[in-house]
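Residue numbers (the working numbering), protein chains in the order written: chain A, 294 to 631; chain B, 294 to 631; chain C, 294 to 631.
Hints are computed from structural coordinates only; laboratory data are not their basis.
Ideal Cβ positions, reconstructed from N, Cα and C, are used throughout, including at glycine.
Some hints here could point you the wrong way.
Which residues of chain C face chain A? A partial, calculated answer using Cβ under 10 Å [to be verified]:
#1 Ile379
#2 Asp471
#3 Thr477
#4 Gln542
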Amino acid sequence: MKKTLQEIARIVDGRIAGDPAIEIEGLDNIAGAGATDLTFAVEPHIEEAKNCKAAAVMLPEGVEDFPKTALYVEDPRAAFAKLLDIFTPKLERPVEISDKAHIGKDVKMGQNVTIMPFAVVDDHAVIGDNVVLYPHTYIGQYAEIGEDTVIYSSATVREYCRVGRRCVIHSSAVIGSDGFGFTTKDGVHTKVPQVGIAVVEDDVEIGAHDGIDRAAMGATVIGKGTKIDNLVHIGHNCKIGANCLIVAQTGISGSTTVGHNVTFGGQTGTVGHINIGANSVYAGRAGIIGDMPEGVFCAGFPVQPHAEWLRMQALMKRLPEMNKKIKQLEKKLAKYEG
Amino acid sequence: MKKTLQEIARIVDGRIAGDPAIEIEGLDNIAGAGATDLTFAVEPHIEEAKNCKAAAVMLPEGVEDFPKTALYVEDPRAAFAKLLDIFTPKLERPVEISDKAHIGKDVKMGQNVTIMPFAVVDDHAVIGDNVVLYPHTYIGQYAEIGEDTVIYSSATVREYCRVGRRCVIHSSAVIGSDGFGFTTKDGVHTKVPQVGIAVVEDDVEIGAHDGIDRAAMGATVIGKGTKIDNLVHIGHNCKIGANCLIVAQTGISGSTTVGHNVTFGGQTGTVGHINIGANSVYAGRAGIIGDMPEGVFCAGFPVQPHAEWLRMQALMKRLPEMNKKIKQLEKKLAKYEG
Amino acid sequence: MKKTLQEIARIVDGRIAGDPAIEIEGLDNIAGAGATDLTFAVEPHIEEAKNCKAAAVMLPEGVEDFPKTALYVEDPRAAFAKLLDIFTPKLERPVEISDKAHIGKDVKMGQNVTIMPFAVVDDHAVIGDNVVLYPHTYIGQYAEIGEDTVIYSSATVREYCRVGRRCVIHSSAVIGSDGFGFTTKDGVHTKVPQVGIAVVEDDVEIGAHDGIDRAAMGATVIGKGTKIDNLVHIGHNCKIGANCLIVAQTGISGSTTVGHNVTFGGQTGTVGHINIGANSVYAGRAGIIGDMPEGVFCAGFPVQPHAEWLRMQALMKRLPEMNKKIKQLEKKLAKYEG
Chain A
294 MKKTLQEIAR IVDGRIAGDP AIEIEGLDNI AGAGATDLTF AVEPHIEEAK NCKAAAVMLP
354 EGVEDFPKTA LYVEDPRAAF AKLLDIFTPK LERPVEISDK AHIGKDVKMG QNVTIMPFAV
414 VDDHAVIGDN VVLYPHTYIG QYAEIGEDTV IYSSATVREY CRVGRRCVIH SSAVIGSDGF
474 GFTTKDGVHT KVPQVGIAVV EDDVEIGAHD GIDRAAMGAT VIGKGTKIDN LVHIGHNCKI
534 GANCLIVAQT GISGSTTVGH NVTFGGQTGT VGHINIGANS VYAGRAGIIG DMPEGVFCAG
594 FPVQPHAEWL RMQALMKRLP EMNKKIKQLE KKLAKYEG
Chain B
294 MKKTLQEIAR IVDGRIAGDP AIEIEGLDNI AGAGATDLTF AVEPHIEEAK NCKAAAVMLP
354 EGVEDFPKTA LYVEDPRAAF AKLLDIFTPK LERPVEISDK AHIGKDVKMG QNVTIMPFAV
414 VDDHAVIGDN VVLYPHTYIG QYAEIGEDTV IYSSATVREY CRVGRRCVIH SSAVIGSDGF
474 GFTTKDGVHT KVPQVGIAVV EDDVEIGAHD GIDRAAMGAT VIGKGTKIDN LVHIGHNCKI
534 GANCLIVAQT GISGSTTVGH NVTFGGQTGT VGHINIGANS VYAGRAGIIG DMPEGVFCAG
594 FPVQPHAEWL RMQALMKRLP EMNKKIKQLE KKLAKYEG
Chain C
294 MKKTLQEIAR IVDGRIAGDP AIEIEGLDNI AGAGATDLTF AVEPHIEEAK NCKAAAVMLP
354 EGVEDFPKTA LYVEDPRAAF AKLLDIFTPK LERPVEISDK AHIGKDVKMG QNVTIMPFAV
414 VDDHAVIGDN VVLYPHTYIG QYAEIGEDTV IYSSATVREY CRVGRRCVIH SSAVIGSDGF
474 GFTTKDGVHT KVPQVGIAVV EDDVEIGAHD GIDRAAMGAT VIGKGTKIDN LVHIGHNCKI
534 GANCLIVAQT GISGSTTVGH NVTFGGQTGT VGHINIGANS VYAGRAGIIG DMPEGVFCAG
594 FPVQPHAEWL RMQALMKRLP EMNKKIKQLE KKLAKYEG
């Protein structure tokens, strides 16, 4: 693909400083961009971009004295994402239901659905318009997949569960596996039937190997627009709010409620049956062991405000020194007492 | 389904306080139960249940002055699980081996087996009576699956491995992947053939995305009645005892032996080649780095008795104060010395 | 299989102390070996091996006064691995492309390829000589699989990704899932297209349930000879060096570069966009939050030199005592002041 910088400026609503007739053939990051590529830079990378090989650099408004051809936009990162979508050649694939797929009885099938070989849509499932099912996906009985959702290879959506519109479910993700619920008598554990479902709302991304357990009763819910990285565990009956970011290997224990717009850094863990307030950020490997208010920035296990955690970490490194000082004090005092 | 409270009382061996002719149409938790539902309550939820909308509430013996129709039983949680199993409509599915499944040669197939489309049972495998294999399961050569076991979509049981009776293997679980064993010479790692197997005993539940590695030699064993949550790693040659509970994202390193009735909280980790005694509880994110006796309740990394861990955590938060006090003491003492 | 000790000695280039005519029928570890088996021992297990039931014991040169028939070699562990490979009966399987597999159009297929039922090789993929694809593997469009590589059941290699020669990809591993990249505006997250690829170089082992994300642009790279245990997350644009060992449940955040010959203990985590020097060892559950030099042995979160971490852990356990001493000092000093 080739586009002039002028054409690109129109797409991203940008302002050119330099030659608008330059032809752009590709997009790459600062280090990788060559003489016919467009790249982008935001702080702290703008200095680095001054010497890059790119034909032009997309920058945020306000950067001055830039020595190369520049395209100024409001949000270079978002504009670049938009261009990537345009510049990346789409894979060619017929929009069809493969005759090697298995479609159960009484399935309600939308328009323009792509179902690849060996995918299984079980009885009574509902598949929305434009859905794409990769090979080896399993859509259980009575499950529903919303319009424009893509489900990658070997992912599972168990019976009765619902996935919204425009979702992306990555390979080997499992939605609606049984919650971990048992009653114990005389040391023997008996399964509590997990008769609820899992609901993934619109615009959610579920990472590879995520496990979203179905509720014991009622529903486990992943809120609209939430994005989940790989290898994340969401326990039964959790209610995850809208627009959260859950980074890889995080585990949210059962019956925990999370407000909207919460970010969990990687490898975070929570106990179950707690409420975690909205608009918060938890640093990587946070361990949350009780209810949390809204609007916090926390770290550590057990979590504490991030600034306090930093202070505590610094003091922990000074423990040998503190210990030594205590000994010196004891010695001196003993001298006085002696 | 409809049952009178009288009929239900007979099923759970309970005592009614109120009208035994009430008709129950469904089961739900306290918050979700409507006017024709039965719910249950145990402490600390009994107060909350007094004002719920349910037609009747199942309670433990001993609760007095309950303002609604009550059904007293010994263990409300267990009784409710039993009722859930009865009230939940079973999915309809023909008991048959799909002609879209692949059955290898010399397979020993039990009675009443259900094998769904695109499941693969490889050569010489043994499938017990009443086994259910979901789509995209893979049962390797010479592997054995015991009676009444259910294996969900995309789960793998590798060659020679054995799964017991009445097990539940969740989607994308892998039983019998190679253990992580290498010899290193001049910085280059060479694979040690992993020629052992993995054995899952009767009544075990294996969570979604669990990986139970096969032994280098001999067998990795998951003991009878043990229940494993999602995303758990069990290294090669581990021997996990009976009736353990292993919560999500826990990792047990190779050649570790765990006694019966041990609970590992979520995200626990252990080193390899250790013995962990029976009848113990490890809190979430415990890090076990050596042999452990029986009958302990531990937390932290490295683990210590739970009460000590709590005390240590409390003191860690007081580090700034301790540090300040040491400085004050030094100052005062310097004054005396000066 | 039966081999005389003499024949075995020739295979492993060893020296026999005892009867070279002894017939060996199997291999097992010290505890499991019977009267016709060969086992091996290195410190600290040599004492234990003196009383084992094995017909002969493979030992490192230098062990004296061993009471049983011994076979001395340079590296018993490596020699035993070699023998295991010879003694283990190979599974019989026709070298063929199953007519129940799906091979897309314009696929470049090598010689002696084994493709099992319900595997999918999508359009334009390249499959090297001697490759083995288990059931339910998915090889995406334009993906390339090198010679002699084995890919187990339900593993995925997404479009354009490349896997080298002699690799082992375990069940349910995912190579080339989208990186976790979003731009956020007014609290709404928009996907950044992940148009790069993932490259797995030669001789790499990828564990069950590993997720190796594709790059946003360019490539995520797993270096030659690196071995990755189960349930590991490698974020987009990571460059992992050669001959690393990455133990189970570790997570490496995006755009992190790791030198060659680095070992990460289980459950380690790193932040993104850092450089981790070569020839280093990180203990289990290390948390790496910044650039690291070469040649270190570190532990803890945040990581510190292992010896310092041990000292800090010891002092943390003495916090109650330190706190008490501070109080005593205050009391005594108050007495003087009073």
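Is the shortest C-beta separation between isoleucine 379 (chain C) and chain A less than 10 Å? Result: violated, 34 Å to nearest chain A Cβ.
Going by Cβ atoms only, is glutamine 542 (chain C) closer than 10 Å to chain A? Holds: closest Cβ of chain A sits about 7 Å from glutamine 542 (chain C), inside 10 Å.
Using Cβ atoms only, decide whether threonine 477 (chain C) comes closer than 10 Å to chain A, and label the hint accordingly. At about 8 Å, which falls below the 10 Å cut-off, the nearest Cβ of chain A leaves the hint on threonine 477 (chain C) intact, so it holds.
Return the status of the interface hint for aspartate 471 (chain C): holds when the least beta-carbon distance to chain A is below 10 Å, violated otherwise. The hint holds - aspartate 471 (chain C) has a Cβ within 10 Å of chain A, the shortest such distance being about 7 Å.
Taken one by one, the earlier hints fail for this structure only at number 1.
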